[in-house]
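Here are the chains, one letter per residue:
Number of protein chains: 2
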Amino acid sequence: MKVVIVGGGAGGISTASNLRKMDKNCEIVVLTRDDKVAYSPCAIPYVLSGTIKSFDDIVMRTPEDYKKKDIDIITEVEVTAVDSGKKTVTYESKSKSKTIKYDKLVLATGGNPFVPPMEGVDLEGVYQIRNIDDGIKVQEAIKDAKSAIVTGAGLIGIEIAFALMKQGLNVTLSEMMPQIVPRSLDKDMSDILVKYLEMEGINVVLGKPITKLIGDKKVEKACFDDEELIDADMVILATGVRAELDLARMAGCEIGRWAILVNDRMETSVEDIYAVGDCVESKDLILGFNTISQLGTTAVRESKTLARTICNKKSKFNPVLNSMVSKVGKLEFGAVGYTTSFAQQNRIRPVVQKVEALTRARYYPNAKPMDIKIICDGNGTIIGCQIIAEERVAERIDTMTLAITEGLTCFDLSNMEFAYAPPVSMVTDPLILAVEEVSKKFN
Amino acid sequence: MKVVIVGGGAGGISTASNLRKMDKNCEIVVLTRDDKVAYSPCAIPYVLSGTIKSFDDIVMRTPEDYKKKDIDIITEVEVTAVDSGKKTVTYESKSKSKTIKYDKLVLATGGNPFVPPMEGVDLEGVYQIRNIDDGIKVQEAIKDAKSAIVTGAGLIGIEIAFALMKQGLNVTLSEMMPQIVPRSLDKDMSDILVKYLEMEGINVVLGKPITKLIGDKKVEKACFDDEELIDADMVILATGVRAELDLARMAGCEIGRWAILVNDRMETSVEDIYAVGDCVESKDLILGFNTISQLGTTAVRESKTLARTICNKKSKFNPVLNSMVSKVGKLEFGAVGYTTSFAQQNRIRPVVQKVEALTRARYYPNAKPMDIKIICDGNGTIIGCQIIAEERVAERIDTMTLAITEGLTCFDLSNMEFAYAPPVSMVTDPLILAVEEVSKKFN
Chain Y
0 MKVVIVGGGA GGISTASNLR KMDKNCEIVV LTRDDKVAYS PCAIPYVLSG
50 TIKSFDDIVM RTPEDYKKKD IDIITEVEVT AVDSGKKTVT YESKSKSKTI
100 KYDKLVLATG GNPFVPPMEG VDLEGVYQIR NIDDGIKVQE AIKDAKSAIV
150 TGAGLIGIEI AFALMKQGLN VTLSEMMPQI VPRSLDKDMS DILVKYLEME
200 GINVVLGKPI TKLIGDKKVE KACFDDEELI DADMVILATG VRAELDLARM
250 AGCEIGRWAI LVNDRMETSV EDIYAVGDCV ESKDLILGFN TISQLGTTAV
300 RESKTLARTI CNKKSKFNPV LNSMVSKVGK LEFGAVGYTT SFAQQNRIRP
350 VVQKVEALTR ARYYPNAKPM DIKIICDGNG TIIGCQIIAE ERVAERIDTM
400 TLAITEGLTC FDLSNMEFAY APPVSMVTDP LILAVEEVSK KFN
Chain F
0 MKVVIVGGGA GGISTASNLR KMDKNCEIVV LTRDDKVAYS PCAIPYVLSG
50 TIKSFDDIVM RTPEDYKKKD IDIITEVEVT AVDSGKKTVT YESKSKSKTI
100 KYDKLVLATG GNPFVPPMEG VDLEGVYQIR NIDDGIKVQE AIKDAKSAIV
150 TGAGLIGIEI AFALMKQGLN VTLSEMMPQI VPRSLDKDMS DILVKYLEME
200 GINVVLGKPI TKLIGDKKVE KACFDDEELI DADMVILATG VRAELDLARM
250 AGCEIGRWAI LVNDRMETSV EDIYAVGDCV ESKDLILGFN TISQLGTTAV
300 RESKTLARTI CNKKSKFNPV LNSMVSKVGK LEFGAVGYTT SFAQQNRIRP
350 VVQKVEALTR ARYYPNAKPM DIKIICDGNG TIIGCQIIAE ERVAERIDTM
400 TLAITEGLTC FDLSNMEFAY APPVSMVTDP LILAVEEVSK KFN
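Those protein sequences? They're chains Y and F, same order as listed. Take 0 as the starting number for the first sequence in numbering that gives the first Met the number 0 and just add one per residue. Take 0 as the starting number for the second sequence in numbering that gives the first Met the number 0 and just add one per residue.
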């Protein structure tokens, strides 16, 4: 069996590795545009900030390492055609073109950065961050820059803005929406983050799109809402990615609203073609509709399911909640499930409570505030949670992910047992305080 | 309605507070031996270590604070009699004796430190740590001491040993069993802790009971197993507590193997008498038998249930898993559910896996080792988890508590979604790595 994988990101490489663990004999070929594989793009902002010393540190394995596992990674090639009838893939390197057969084809084509409609976006000094090469370019550009604008205040945007601030630039973080992290946080929670970013010296501009980038060859200023001008020696577009669908379309795979449609075994509508990662749609766990989950963890988890599918083992990819966490400077923030407004948009009348607790016993040194927001549906079933604190956020998000997955109500969870010691939590855990408070709204 | 509560620890005081929140009118009287209430005994080791500055810091509220909430706390009295027929309680202060009526009586009598059978236990310089006054005595004694032995290597014993070491004493931690934390950790996990304690300079003596304390008036040496002698200017008995049952017996309450029997509404066998905290038995969540759960969190949670019961509201105390966490020096350790040997003693054939993971992405600064052990029953249902690392242990224990409570298998959990960012976890969470590994044993 010959498995050809298009894409060397988290989805593609993990599929190759998982497949090899389960099947020692199959032929595995990975085709990738990049010259590097097996690195964590999530780590790029932390290299830019100087927290991680070098881009070399975040590359875990080389193509040669994979060669030893009998995985053939062909780098710096562009796949130009798929023929799902003949079961072939054609790829082009610098000079030549080659067509190879496949028995199973995996599309892990990922996404392309979305470029928002704005004048001057082709000026020098405007960057997107897809891969390490982009990271290196930005790292170089930082040296000569005094000011930067990062547009798009999702996780990557915030992390990059923070990194550039750390490097001494005057940084503006801009977001078209009236709040940052709009997909995962309610406005009152995002305001806590904004306050922190501003305290750290980042200029946050909300609710105003950049309409124009101005400069002579190289960007110099950005124009917001056709009025306000802000200096920018560099501009970073962190406005999300759109699934890359050309090959999927060419192969005849059914495409959904945003990305390739796959079933819970990661099979596309075309026989022997599979897809994973940023280029596929997932099922939402709470209401069951299709959604996108462009997270490294999702890609890695999908690839485990897919490897089992290809090996004819029982496999099932569960619906997603898009649980996320990030850390900028001192502040860790995370979320899972629906925001209040997303719930409302989906005809749920959310019952919501925000509480302020502490990360340790009140009397224990360095106890820090922890803000927690719980979102329930009308029956008390938990459908969302958002947490911001200086420590111990991620794992609480995981606990809530499990609670939502299991369909628990706030009443159920308020009876839960939690581990306690003064240095690590409160005798009544912050999560319990929060679910107890929201429970009261149902009395 | 007049509610009389005997005991001013976590169970008694929390019952009073919760009751007052639900019922503004009932009369609430708390009778306690202590002169202080509403402090966290779990915090005493951290005051002794100097991490928390003073014992004053860990007292959250005074009897006067409770007076303002219309809760009458009568301190420094000994309850000497209960008459469940006449519904009266008799208590004695320094000079006088008084008998009062109750409509509802709450026994929150806690436990008494167990004194192991050893010669010389009445010598000066031998301490138990039940309350702040004991803590203050030990704090005083530290000043003149050069060496100390702490016997009993449960959480408190370890925390105290570490505190005395921090204060510059030569410390021996001794445990009769061949490992430390025998109730919650497997030997291989406890060995990691032993290694750390030894590295910090604590002498750990396992598998040998102290048979004799030697000294002229004041303790000078301890004799282990009738052979080895170790110097000790002070000896701390941290050998657990036994439920205080005198009043419960006097009232005619049914007593189980270790403590007062209560139903899931915290009612004893005697009408209008209730009990919470270290003096009651709980139900074990996994196999359903009676157990003891002498944890502050359990007492606090029971008191919430009891307040609802007394107010005639729906109430139910769930079975327990005895999830626990502690931190000594840099190392955080926690556990929930059964150890391997406890499972075996209960005719479960455990399927067990230990993995070593990291607390952050491999390339992220200060990524630390995390040791995780998962214990499943023969069907793959998770029944126990133990974790040791320098950070982020407690909340992972909570996630596993939820997983065990929900009856999840290792296969279920290996499909779970977890939040990821390089500064706070691995792309495949350590818990997932662990459940994936144990899952393989079922193939």
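Simulated from the structure, these hints should not be mistaken for lab results. Please read all numbers here as calculations on a predicted model, not as lab measurements. Be a bit skeptical, because a hint or two may be false.
Identical chains share a label here; the pair holds if one copy fits it or two copies do between them.
[Said to hold, decoys possible] Calculated cross-link-like contacts (lysine-lysine; reagent style DSS-like; alpha-carbon spacing at most 27 angstroms):
| id | residue 1 | residue 2 |
| --- | --- | --- |
| 1 | K440 | K312 |
| 2 | K367 | K165 |
| 3 | K20 | K440 |
| 4 | K329 | K52 |
| 5 | K220 | K312 |
| 6 | K440 | K136 |
| 7 | K194 | K93 |
| 8 | K439 | K93 |
| 9 | K136 | K97 |
| 10 | K220 | K194 |
| 11 | K220 | K103 |
Right, here's what the structure says about each hint:
1. K440 with K312: between (46 angstroms within a copy, 16 angstroms between copies)
2. K367 with K165: Answer is both; intra-copy 23 angstroms and inter-copy 25 angstroms each pass.
3. K20 with K440: Result: close only across copies, 15 angstroms inter versus 50 angstroms intra.
4. K329 with K52: both (19 angstroms within a copy, 25 angstroms between copies)
5. K220 with K312: neither (56 angstroms within a copy, 64 angstroms between copies)
6. K440 with K136: neither (52 angstroms within a copy, 47 angstroms between copies)
7. K194 with K93: neither (49 angstroms within a copy, 57 angstroms between copies)
8. K439 with K93: Neither: 65 angstroms inside a chain and 44 angstroms across chains, both beyond 27 angstroms.
9. K136 with K97: neither (31 angstroms within a copy, 83 angstroms between copies)
10. K220 with K194: Only inside one copy: K220 and K194 sit 25 angstroms apart there, 59 angstroms across copies, limit 27 angstroms.
11. K220 with K103: neither (49 angstroms within a copy, 74 angstroms between copies)
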